[in-house]
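Asker: For the working numbering, count along the sequence shown from 1 and bump the result up by 212.
Think about it this way: if two alpha-carbon atoms lie no more than 30 Å apart in a straight line, the pair counts; the simulated DSS-like pairs of lysine-lysine are: (1) Lys359 <-> Lys270; (2) Lys304 <-> Lys266; (3) Lys232 <-> Lys304; (4) Lys310 <-> Lys270; (5) Lys307 <-> Lys362; (6) Lys307 <-> Lys318; (7) Lys219 <-> Lys336; (8) Lys270 <-> Lys318; (9) Lys359 <-> Lys336; (10) Lys310 <-> Lys362; (11) Lys219 <-> Lys232; (12) Lys318 <-> Lys232; (13) Lys219 <-> Lys318; (14) Lys362 <-> Lys266; (15) Lys318 <-> Lys304; (16) Lys270 <-> Lys362; (17) Lys219 <-> Lys244; (18) Lys266 <-> Lys308; (19) Lys236 <-> Lys219; (20) Lys308 <-> Lys362; (21) Lys266 <-> Lys310; (22) Lys304 <-> Lys219; (23) Lys362 <-> Lys304; (24) Lys232 <-> Lys244; (25) Lys266 <-> Lys318; (26) Lys304 <-> Lys270; (27) Lys318 <-> Lys308; (28) Lys307 <-> Lys266; (29) Lys270 <-> Lys308; (30) Lys307 <-> Lys270; (31) Lys244 <-> Lys318; (32) Lys336 <-> Lys318.
Computed Cβ-Cβ distance ranges for the label pairs, DEER-style: (33) Lys310 <-> Pro275: 16 to 24 Å; (34) Asn237 <-> Ala213: 19 to 27 Å; (35) Tyr243 <-> Pro275: 43 to 51 Å; (36) Asp262 <-> Glu337: 26 to 34 Å.
Worth flagging that the hints you see were computed from the coordinates, not collected in a lab.
Ideal Cβ positions, reconstructed from N, Cα and C, are used throughout, including at glycine.
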Amino acid sequence: ATSRLAKFLGFLDVVTTSFKCMMKNREDKGYKMYTLSEEAEGEEMLTLVDQAEKAGAKLHYSPNAVQQLMRLQLFDTLCLQTDRHWRNFKCKVAKKGKTWTILSLKAYDHDQSFGAKSLAEYFKEQEESMGKTQMGFINPYVMTISKEDKRYIYLKRTRIGGKDDQIIR
Numbered sequence: 213a214t215s216r217l218a219k220f221l222g223f224l225d226v227v228t229t230s231f232k233c234m235m236k237n238r239e240d241k242g243y244k245m246y247t248l249s250e251e252a253e254g255e256e257m258l259t260l261v262d263q264a265e266k267a268g269a270k271l272h273y274s275p276n277a278v279q280q281l282m283r284l285q286l287f288d289t290l291c292l293q294t295d296r297h298w299r300n301f302k303c304k305v306a307k308k309g310k311t312w313t314i315l316s317l318k319a320y321d322h323d324q325s326f327g328a329k330s331l332a333e334y335f336k337e338q339e340e341s342m343g344k345t346q347m348g349f350i351n352p353y354v355m356t357i358s359k360e361d362k363r364y365i366y367l368k369r370t371r372i373g374g375k376d377d378q379i380i381r
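With the hints as constraints, model all of the structure from the sequences given.
Answerer: And the structure:
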């Protein structure tokens, strides 16, 4: 279902295709239903982070990769994907010295999409987990940062005109 919805909505740039097939089961020589998935190109994000740390390299996201992360977050929300983490998406990377740039990414392992929870239950869980460490790679929908935080200073200077009385919401 995830693959078909991705194709229908135009998200195949960030989600692998997959399909169901019947295959012979070795144990009982009967048939069993399996899901086969396109292999994502690149390096698994978790492995990439470990390699960069060992090499003393810094990982950066290209503008394309940032856009793809946002598209993937949107798509995972639509599909109620509850298992997106650094072990189920791969990245294409340009490695130059100590600067490694993630150029693109593609997610796989969609078996925990379209769960039995309602949207209301899912969003309630998301709200309750905000601010807690999660295995996922995307920041929560809402985050609070202090005025001393570099992100706040940058956003204040570049996005909200530099006035202290304006608050990021």
